[in-house]
Amino acid sequence: MPTIAAETDKPVIQPQNDKSVIKLKDVKRVYKVGVERIHALDGISLELNENEYVAVMGASGSGKSTLMNVLGCLDRATSGYYGLDGQDTTKMSDAALARARNERIGFVFQSFELLGQLSALKNVEMPLIYSKNGWWTRRKRAINVLERVGLGDRMKHRPNQLSGGEKQRVAIARALVCGPSILLADEPTGNLDSKTSEGIMELFDRLHQEGQTIVIVTHEEHVANHAERIIQMKDGRVCSDLPANRDLVHKTAIQNNVRGEQS
Amino acid sequence: MRVLLQAPLVFLRLFYQSVYLALGQVWANKTRSILTTLGIIIGVASVTAVIAALSGLRAKILTQFESIGTNTIFISPMRPDRGPLQHAPYWSIRFLPEHFDGMLDHCPSVARFGRQTGVGAYTVSHREKSVENVRLRGIEPACHQIESRKVSLGRPLSVIDEMQMRQVCIIDPKLQNDLRLDRDCIGQSILIGHNTFYIVGVLEARPESVFGGGDQESSEIFIPFKTSFKMRRYLWVGVLAESKSPEVSDEARAEISFFLRRTRNIKPGEPDTFRVDSVKNFLEIFDEIARVVFMVAGGIVGISLLVGGVGIMNIMLVSVSERTREIGLRKAVGAKKSAILTQFLIEAVVLCFVGGLFGVGFGQLLTTGIANIPNIELDMSFIPLWAIGLAFGFSGSVGIFFGMFPAIKAARLDPIEALRHE
Numbered sequence: 181m182p183t184i185a186a187e188t189d190k191p192v193i194q195p196q197n198d199k200s201v202i203k204l205k206d207v208k209r210v211y212k213v214g215v216e217r218i219h220a221l222d223g224i225s226l227e228l229n230e231n232e233y234v235a236v237m238g239a240s241g242s243g244k245s246t247l248m249n250v251l252g253c254l255d256r257a258t259s260g261y262y263g264l265d266g267q268d269t270t271k272m273s274d275a276a277l278a279r280a281r282n283e284r285i286g287f288v289f290q291s292f293e294l295l296g297q298l299s300a301l302k303n304v305e306m307p308l309i310y311s312k313n314g315w316w317t318r319r320k321r322a323i324n325v326l327e328r329v330g331l332g333d334r335m336k337h338r339p340n341q342l343s344g345g346e347k348q349r350v351a352i353a354r355a356l357v358c359g360p361s362i363l364l365a366d367e368p369t370g371n372l373d374s375k376t377s378e379g380i381m382e383l384f385d386r387l388h389q390e391g392q393t394i395v396i397v398t399h400e401e402h403v404a405n406h407a408e409r410i411i412q413m414k415d416g417r418v419c420s421d422l423p424a425n426r427d428l429v430h431k432t433a434i435q436n437n438v439r440g441e442q443s
Numbered sequence: 290m291r292v293l294l295q296a297p298l299v300f301l302r303l304f305y306q307s308v309y310l311a312l313g314q315v316w317a318n319k320t321r322s323i324l325t326t327l328g329i330i331i332g333v334a335s336v337t338a339v340i341a342a343l344s345g346l347r348a349k350i351l352t353q354f355e356s357i358g359t360n361t362i363f364i365s366p367m368r369p370d371r372g373p374l375q376h377a378p379y380w381s382i383r384f385l386p387e388h389f390d391g392m393l394d395h396c397p398s399v400a401r402f403g404r405q406t407g408v409g410a411y412t413v414s415h416r417e418k419s420v421e422n423v424r425l426r427g428i429e430p431a432c433h434q435i436e437s438r439k440v441s442l443g444r445p446l447s448v449i450d451e452m453q454m455r456q457v458c459i460i461d462p463k464l465q466n467d468l469r470l471d472r473d474c475i476g477q478s479i480l481i482g483h484n485t486f487y488i489v490g491v492l493e494a495r496p497e498s499v500f501g502g503g504d505q506e507s508s509e510i511f512i513p514f515k516t517s518f519k520m521r522r523y524l525w526v527g528v529l530a531e532s533k534s535p536e537v538s539d540e541a542r543a544e545i546s547f548f549l550r551r552t553r554n555i556k557p558g559e560p561d562t563f564r565v566d567s568v569k570n571f572l573e574i575f576d577e578i579a580r581v582v583f584m585v586a587g588g589i590v591g592i593s594l595l596v597g598g599v600g601i602m603n604i605m606l607v608s609v610s611e612r613t614r615e616i617g618l619r620k621a622v623g624a625k626k627s628a629i630l631t632q633f634l635i636e637a638v639v640l641c642f643v644g645g646l647f648g649v650g651f652g653q654l655l656t657t658g659i660a661n662i663p664n665i666e667l668d669m670s671f672i673p674l675w676a677i678g679l680a681f682g683f684s685g686s687v688g689i690f691f692g693m694f695p696a697i698k699a700a701r702l703d704p705i706e707a708l709r710h711e
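Residue numbers (my numbering), protein chains in the order written: chain C, 181 to 443; chain V, 290 to 711.
Excised from the complex, chain C in its bound form (with noise of 0.2 Å):
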């Protein structure tokens, strides 16, 4: 579990080591409808190491949300191997796939998918209940989380005595309440204002600098320019794979020989 850093501007040595935590082989998650068979993904290769800030990008329909429901391991891929911490997934069961949602995965939701009858604090407490060792510090953990989310003091406020703002930073606090290897947000920012989400998104830089592994689903480029590699998909397969600043070239280039197209 990474240490917690109150003071954002000291200088946090970043620990670079290229362990893999995610990697996946030619994933393919095929949809029955009918007769008809839709490859949501389609044949998806990627490696994600430790502490890397990745966002995904691609328009509706473009596959991102099952990438993510995969990776969450809440859906198992049709073929093709899923390796999490070096675990094949694929062949886990759903206990065990449980466990490892709730061990090594955070998730954050564009909708909070807070309890409404939960204070804050047992909001972020709840995913440490289904864990095998976390039930008896659960308390202690929780505060500390949301501590480090900066929500020391809205801790026995209710979700609907929150601003958004602070709804996305207590789900964020119960992302990682368990210590995840990944942190997976889905349209973190999608029910926030520019304003709030400009502070969400300093919130996950700066968890990305205390050497939280993230993964951020997004169509909204201010957002993917938080990341440090942004992933573009289409039709079910990832269309581009690049470091931020190239992406940004990458990009202009492409709107360019479209623009000169027209032209």
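Please keep in mind that the hints were generated in silico from the structure rather than gathered at the bench.
A few of these clues could be false.
The calculated label-pair distances, taken between Cβ atoms and stated as ranges, are [said to hold, decoys possible]:
1) V:L674 - C:G370: 54 to 62 Å
2) V:L324 - C:N340: 19 to 27 Å
3) V:R302 - C:E382: 32 to 40 Å
4) C:S291 - V:P673: 49 to 57 Å
5) C:R256 - V:R302: 22 to 30 Å
6) V:E577 - C:W316: 50 to 58 Å
Computed footprint of chain V on chain C, listed as stretches where at least three residues anywhere in the stretch have a Cβ under 8 Å from a Cβ of chain V [stated by the list, open to error]:
7) 251-261
8) 292-298
9) 311-319
Capping the alpha-carbon separation at 20 Å, the derived lysine to aspartate or glutamate pairs in EDC-like fashion look like this [said to hold, decoys possible]:
10) C:K212 - V:E706
11) C:K271 - V:D703
12) V:K698 - C:D274
13) V:K626 - C:E283
14) V:K556 - V:E544
All C-beta atoms in this analysis are idealised placements derived from N, C-alpha and C, irrespective of residue type, glycine included.
Here the structure of chain C is known, so what remains is to put chain V in place on it, guided by the hints.
Using the frame of chain C, we list chain V on its own:
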């Protein structure tokens, strides 16, 4: 080893968490929960009230028998339910006093017995006061001891009174009061009908009784058994006997039957023309009736619990569908199928237990109500502990039975679909 130890621990944690969550849910939807469990509440309340009434009645009867004496055996003539005497006139099967002569020699388990007659109702007078409708009973001295009615003043009837057919009597305090007799009225004479009797003793007041002569309105006079035949030539004879201990009461009954069959000339194969009942026997009869009542009540309550259970199932299905997103989220953060199943199952069971709790509460209210109705013999009603256990057991199993389907439905939800649910 650690894994073995961890499995029950994980379950206990889950159990605690589920109970906590379920109570939270019940508290959050108070009105809904109460309305849902109404069927269970009514069922449990009625079953506990019925059990309370029955056990109260039983306790009451038991104390009464104890005041009579648990060794007591009642012998009375009875028409057999088969054979030529089936429709015989009662008079032809009556007891004669001589049927019982020498019974003690032939029945080793019988400690003592006493013949008694009911002579009828008479008008009793003393000087210018008179009381009508006083029941006159002729008894042998042993009856006093068997019925354990104490004489508070004077003496009980004696064997000499019996042998000499003396015109003596024992009265009860109510009569003493009604006739305006002196405080010490021993030796004074009263008129029963047209015969003069001398008072030799005054009884203690009669305890209330659920059966046989329970009314406190009329008084009683006891005269010697043989003297009663001077009042009327032909009389009904009944017999009270007492076994040596409650354990041998069945033997005593058998011996008495055997003896009476001989003295009454009943040939082998012919049915008895009398009945011999012990207190134990009466209790068995009561328990039999109580069992039937309990079965009928149990059937009705079973239907009520069934309806209540369907209500629980319905509300749990509603709960599952309105909390689909929550289920999806819980699964996404790592809840296993079994965890979701346990959560919803325990929620159903907790709901039922809440119903059971309220039911027992209402049952207690009902029981208090029953116990306070005047003039019926249920004032000793109470809810026995096993009935409370039964109520909770039943509501718990209803919860498990009817909660299973919604819980399975919740556990089977696909997390992706569930999170997309509106």
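In this structure, is the beta-carbon distance linking E577 (chain V) and W316 (chain C) contained in 50 to 58 Å?
For W316 (chain C) against E577 (chain V), whose Cβ atoms are near 57 Å apart, the range 50 to 58 Å holds.
Within 20 Å, alpha carbon to alpha carbon, are K212 (chain C) and E706 (chain V)?
holds (15 Å)
Count residues of the stretch 251-261 of chain C with a Cβ under 8 Å from any Cβ of chain V, then say if the count reaches three.
As far as the stretch 251-261 of chain C goes, the hint holds, because 3 residues have Cβ atoms under 8 Å from chain V.
Hinted pair, alpha-carbon criterion (20 Å max): K271 (chain C), D703 (chain V). Please report holds or violated.
With a Cα-Cα distance of about 19 Å, the restraint between K271 (chain C) and D703 (chain V) holds, given a limit of 20 Å.
Taking the Cβ atom of L674 (chain V) and the Cβ atom of G370 (chain C), is their distance within the range 54 to 62 Å?
holds (59 Å)
Whether chain V covers the stretch 292-298 of chain C (at least 3 residues having a Cβ closer than 8 Å to its Cβ atoms):
holds (count 3)
For a C-alpha distance cap of 20 Å, please report whether K698 (chain V) and D274 (chain C) respect it.
OK: K698 (chain V) and D274 (chain C) at ~16 Å, within 20 Å.
Could you check the hint for me, namely that S291 (chain C) and P673 (chain V) are 49 to 57 Å apart, CB to CB?
Taking Cβ atoms as reference, S291 (chain C) and P673 (chain V) lie about 54 Å apart, which means the hint holds.
The stretch 311-319 of chain C covered by chain V? Criterion: 3 or more residues, Cβ-Cβ distance below 8 Å.
holds (count 3)
Beta-carbon spacing of R256 (chain C) to R302 (chain V) - inside the hinted bounds 22 to 30 Å or not
holds (28 Å)
Cβ distance range 19 to 27 Å for L324 (chain V) and N340 (chain C), holds or violated
holds (26 Å)
Run the distance test for K556 (chain V) versus E544 (chain V): straight-line Cα separation, threshold 20 Å.
Holds: K556 (chain V) and E544 (chain V) sit about 16 Å apart, inside 20 Å.
The structure agrees with every numbered hint stated previously.
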